[in-house]
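With the hints as your guide, set chains B, C, D and E with the ligands onto chain A.
Protein chains in written order, with our numbering: chain A, 1 to 256; chain B, 1 to 256; chain C, 1 to 235; chain D, 1 to 226; chain E, 1 to 226.
Hints listed in this document are in silico derivations from the structure and should not be mistaken for laboratory results.
Even for Gly, the Cβ is constructed at its ideal location relative to N, Cα and C.
Interface residues of chain E toward chain C, partial, derived using beta-carbon atoms under 10 Å:
hint : residue
1    : E10
2    : P80
3    : L85
4    : P170
5    : Q174
6    : A175
7    : V180
8    : T182
9    : Y184
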Amino acid sequence: MINLTAIEKSFGDLPVLKGVDLVVPRGGVTALIGPSGGGKSTLLRCINLLELPTSGTVEVGECRIEFRPGRKVNQKAVRELRRQTGMVFQNFQLFPHQTAVANVMEGLLTVLKWPKDRAHARAIELLDKVGLAHKADAWPSSLSGGQQQRVAIARALAPEPKVLLCDEPTSALDPELSGEVVAVLAQLAEEGTTMVMATHDLRLARQIAHDVVFLEAGKVVEAGQASQIFEKPSQARTVQFISTLTEQGMAAGAGI
Amino acid sequence: MINLTAIEKSFGDLPVLKGVDLVVPRGGVTALIGPSGGGKSTLLRCINLLELPTSGTVEVGECRIEFRPGRKVNQKAVRELRRQTGMVFQNFQLFPHQTAVANVMEGLLTVLKWPKDRAHARAIELLDKVGLAHKADAWPSSLSGGQQQRVAIARALAPEPKVLLCDEPTSALDPELSGEVVAVLAQLAEEGTTMVMATHDLRLARQIAHDVVFLEAGKVVEAGQASQIFEKPSQARTVQFISTLTEQGMAAGAGI
Amino acid sequence: QAQGLERIKSAGVLKIGTEGTYSPFTYHDKSGALVGFDVEIGRAIADKLGVKAEFLEGKWDGLIAGLDAKRYDAVINQVGITEARKAKYDFSEPYIASKAVLIVREDNNEIKTFADLKGKKSAQSLTSNFGKLAQDSGAELVGTDGFDQSIQLLLTGRADATINDNLSFLDFKKQKPDAKVKIAATQANADYSGVIVSKGQPDLVAAINDALKAIKADGTYETISQKYFGANVSN
Amino acid sequence: MPHWLQLMLESLGPLLWAGVQFTIPLTLLSFALGLTVGLAAALIRLFGPKPLAAIVRFYVWIIRGTPLLVQLFLIFYGLPSIGILLDAFPAALIGFTLNVGAYTSEIIRAVISSVPKGQWEAAYSIGMTWPQALRRTVLPQAARTAVPPLSNTFISLVKDTSLAAAITVPELFQAAQRIVATTYEPLILYVEAALIYLALSSVLSVLQERLEIRLNRQGGFVEARA
Amino acid sequence: MPHWLQLMLESLGPLLWAGVQFTIPLTLLSFALGLTVGLAAALIRLFGPKPLAAIVRFYVWIIRGTPLLVQLFLIFYGLPSIGILLDAFPAALIGFTLNVGAYTSEIIRAVISSVPKGQWEAAYSIGMTWPQALRRTVLPQAARTAVPPLSNTFISLVKDTSLAAAITVPELFQAAQRIVATTYEPLILYVEAALIYLALSSVLSVLQERLEIRLNRQGGFVEARA
Ligand SMILES: Nc1ncnc2c1ncn2[C@@H]1O[C@H](COP(=O)(O)OP(=O)(O)OP(=O)(O)O)[C@@H](O)[C@H]1O
Ligand SMILES: Nc1ncnc2c1ncn2[C@@H]1O[C@H](COP(=O)(O)OP(=O)(O)OP(=O)(O)O)[C@@H](O)[C@H]1O
Ligand SMILES: [Mg+2]
Ligand SMILES: [Mg+2]
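Extracted from the complex, chain A is given alone in its bound form (with noise of 0.2 Å):
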């Protein structure tokens, strides 16, 4: 569904993704993870390509774009490309003039035309998924950073797109709610969404993903089967980063 090969992106003189591939399969769901500064956000946004590579090649589903410094892009096929992903950002960006129910009908009014009466419907169900029917019609101004968070996730949700980007989606959820809008991903995945999610929380990782890619530095450390990468990592760094998780869960829990 997503194969991103050679993906190379600088900022300037600053190189951020030094050669990255990645191959996402039709309803996998893989976790970036990593040190901060590593390029998971870059990497995601060059998925739905908010963020153009230099070089290198994205394709989602049919759609397939070649990058080459100096070359112009075709905005059709960005569009395109993007119509079959949805996002969910680190610092969540609703629309500060919409309510919130009407920031996750956004999309199903504007760009897919839907009629209001079911945009809204589709929009009340799915903010009642993350538990936020009761403040649809709160302007995002006065909605806690958790609130926005949900928010922000049933937005993207809402065109039912076929790949899902997450950066740090449970970032501003305490654990138990973070456990139910882990559900509600990991319901989508059965159901077939594909998803990359950025994040921190290494037991969201376990928990929901197939495959675990490790980026620091703008390179792929490592990448493989969840399971593996947590029981059995090959490299060192990555039993390093992993162990940090390990010992303060062990930590915690063993205080318990």
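Just chains B, C, D and E with the ligands, lined up with the frame of chain A:
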């Protein structure tokens, strides 16, 4: 050091805090935990009066301010109180028109009137502590989520506040870094900085908090020593909330 | 103020309001100096009063308002003597006579008299009372900011005629001899202009009248008149 | 009845009539057209191809840089020399539209770029095209900041239409001048004209306020970004 | 040498001299003063006590609502009737300052409220006082959006100073009209005046552009908020 009594706060008709008491001794570290929308951020913002309580008393250090509906607040007292506190925001709120190091220097230059050299040296030192010395001259817009959060932490620490308020200080950090930042915070705590943090990261809470307050729907469900809350919570609701962590932690831990 | 004249004498200056953009009556020569028929008359009057003339230049709209605001003592700017103005201000005896002329394009043989204006477009400056004349002749008014614009309208065919005084037209023809416009008719009765001052200063009016008489008597007036018009324009 | 009041009452009719016939239609038409031109110009400068953007910059530079009066003069008295003879009203309309277009394009450009880039991205991420993102997401947010400066331009325009008198459009101020020509009471007539302008702009000020309140209510989005 | 060119060259001296003597000082002084008034007015409307804010609203309403020409007239010809006799230049300066103040206050108000509330909070949280937060955090961010509309006002002002002629200030445009009076060549002289105005505003446009580039470079904070 901090003494909140009977804090009530409503937004319009919506009561968000319904009589909260909170005592944090000098050098104490208190974690606010609880479900999304429970009022953690609001309570935190009531401590440094970014949000004015509808009624109740806020006491920080020597400053004590009483709130009653319709009564005017003494702006000088508010400023006095704020000067003793630093805050890390849930969404960072870096100054976009200043580089990372200038963000950290800002309080030292403008408020404490430090000479530029000295402020710069301290800012670099702090950025180094959070692992960002190499991004000192970057604009906030070019920083990754975790990098922005670390600059925000350095900025809050710069004027050596007696009280540090943190709203999800590790939400954008990977477990490894989170560990490092927690270590920085823990060291501050040992050095006597009083700290209150709203967090979903129960492991963080467990690791450095002395006391834990479990807040739900604007009320304190249970409060006490961290060990007590995590080991033998007395309220059924708390048991349930904590258990999500345990289960997940166990699941992850077990897998590894 | 009854002591208007006294004040002027003690101050030693007669302050005169004028436009400074109305050739050949009040304008600036190539060197930038304020000159013109009205200006020189003003200087001559001041001379006879035994004071210096000081000119303040402003737009027509503000000229008479400046009189009310006591910014100057008199306005000398081709102010026509009319009943309406007399109701609010005092005039000296007339110091110049001019005749309204009807100006049309050279190739226009349709309009020969003022009566032919009926139903035609006449371009009129809003600062003059020729507009009223045009209107009374049945013309449709096209308002402009000045004589030069009225001529432009005439030349571009947006207006059929304009009424102005014969002296201004002569000046215009002197500057632009090639302009394809001509006089179609001249009004029989002359219009008179005088020095206008605020009411309640009979001594000042009398002194100005005396001064006018004196300059006419000693030939000063004749010299000025010949200089600007090549003729005596007092009648 | 004092003289000045009588004069004012007598002149009210002609002044209002001139206002209704010329000032108001000229203002409304040229603002509507000018705003369209301004939006287009702003979009070209922000997103258009370089050569086109350069042309727009040139247009804005010329129009902002020269007096409106001279522009009207050139359109009305100058164009005939190259064979274009416009009537006064269309000439005025063109002049004012070009002016409003140049000034508002700068305002619109500024407020569009004040909308965070992340809002464009959010719009794209749910599948919107560029025009959709502009119309549904960016412009509504930009509008809030744009209203006061745009209403500056609008309210200035109401009064600038008086310059149309210079090219023979008998609008409100010219009507006042005509009466001044026979009554010699510029102060009284001008104050009266000013009061009528004030009434017209008050309507606009009230609209501005309503609009601001409505846009602010939409989530008081100052806080939303906080 | 063609007639028009000769006329232009001959008139250049007087026009430039009038510009240097009156137009430029009047523009610079009244913009500087007006911007100060505008900032104060904006702050009062946003943060001041209600009655004071109401006074400011009244001021903005009156000034924006009535023609500048009439305001100048009232100051110059009207005030003497209550015993205040101002010279032409100070009268013009007061008139223009009040005008710039009213228009810029609306712009400044809009851009200040376009800065996210969270930025105020971040400034407070590190101990800044209100004036510090305003000066160090909010205004620098507001400036970026403010520059184009403010420069609209500035550039308009350059040309509006021609109205000072009505109250006997012999500025640039008046100098042109003087020459028109004897040459009957309004088009040529007005175009020449327009070219000088264009030169003056070009300086401002270039300054605007520099300022915009500098403010944009400061972190291109479009993205920062994204
Ligand atoms: N617009 C930009 N201009 C310049 N550098 C940028 C820009 N965006 C990101 N970077 C840099 O690229 C690197 C990767 O950033 P990215 O946001 O992809 O990291 P990340 O893995 O998502 O980190 P985090 O876990 O902290 O969110 C960082 O060092 C960052 O400073
Ligand atoms: N400005 C506001 N206007 C109206 N309601 C608000 C406002 N700010 C917060 N609220 C409401 O107050 C409640 C508490 O919000 P708060 O941000 O304190 O929650 P929180 O515990 O920090 O949640 P989270 O863990 O999701 O950050 C929420 O229901 C929220 O919708
Ligand atoms: Mg990231
Ligand atoms: Mg919160």
